[in-house]
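Participant: Quick note: the sequence shown uses our numbering, first residue 35, plus one each step.
Just so you know, the hints here were simulated from the structure itself, not pulled from any lab data.
Keep in mind that this is a model prediction, so the values were computed, not measured.
Where hints are given, some of them may not hold.
Stated by the list, open to error - Simulated restraints, written as ranges between beta carbons of each label pair: (1) A163 to F135: 15 to 21 Å; (2) P143 to A170: 22 to 28 Å; (3) P143 to E193: 29 to 35 Å; (4) V202 to A63: 22 to 28 Å; (5) L105 to A170: 27 to 33 Å; (6) V202 to L82: 20 to 26 Å.
Virtual Cβ for every residue (Gly too), placed ideally from N, Cα, C.
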Amino acid sequence: FFMALATISIAEATMLKFTYPVFAIAASALFFGEKTERIVLVTLAFSLAGVLFIVKPGSFHFQAGYLYGLLNALAAGISVGLARRLRATDNAWTIIYYWVFIGFFLTLPLLLTVTVWPDTTGWVIMIAASLTGMAAQGTMLTGFRYANTGVACVIMTSEVALTTFAGVLLLGQILAVYKF
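Construct all of the structure, not just a fragment, from the sequences and the given hints.
Facilitator: In structure tokens:
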């Protein structure tokens, strides 16, 4: 996601990220035999139409950020499918603990290559992002106890509007008006 942000707007990166329900539903069906209701698939089709509306394929000029955004969606979709399955037997906070624990060791080699460490403000922002991110993951995983992957993905798409609003409000990004 952050690699996508290097070349495309937060709205576009978020839209691409939110193609993940396609991958989550496919992973849950393929790996675990989970069924998806027709209304969820119809809602998902409207969501994907919204992605096309924002990304504007008629005026599309390839940038690496678009590829990174789709790869992020693929990884997120598979992760959501796996998390949904884990939530059937495991506590949400146990899952988060192991994600963080395993993630630390997987990313340690990348951390060791960092030559510039954040200043105090950077650390404060990273801690805040970590805490709010863990809270978001916790609420998502708790919700997986009560909804199948398709329904959960439809509910989670509200993040698109909230993130786009944050991009406008906090980062000063301007939404382009779609032209037919």
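Participant: If a hint holds in the structure, say so; if it doesn't, say that too.
Facilitator: Hint check results:
1. A163 to F135: 15 to 21 Å: Holds - the Cβ-Cβ distance for A163 and F135, about 19 Å, lies within 15 to 21 Å.
2. P143 to A170: 22 to 28 Å: holds, 26 Å
3. P143 to E193: 29 to 35 Å: For E193 against P143, whose Cβ atoms are near 30 Å apart, the range 29 to 35 Å holds.
4. V202 to A63: 22 to 28 Å: violated, 36 Å
5. L105 to A170: 27 to 33 Å: violated, 21 Å
6. V202 to L82: 20 to 26 Å: holds, 23 Å
Hints 4, 5 from the earlier list are contradicted by this structure; the remaining hints agree with it.
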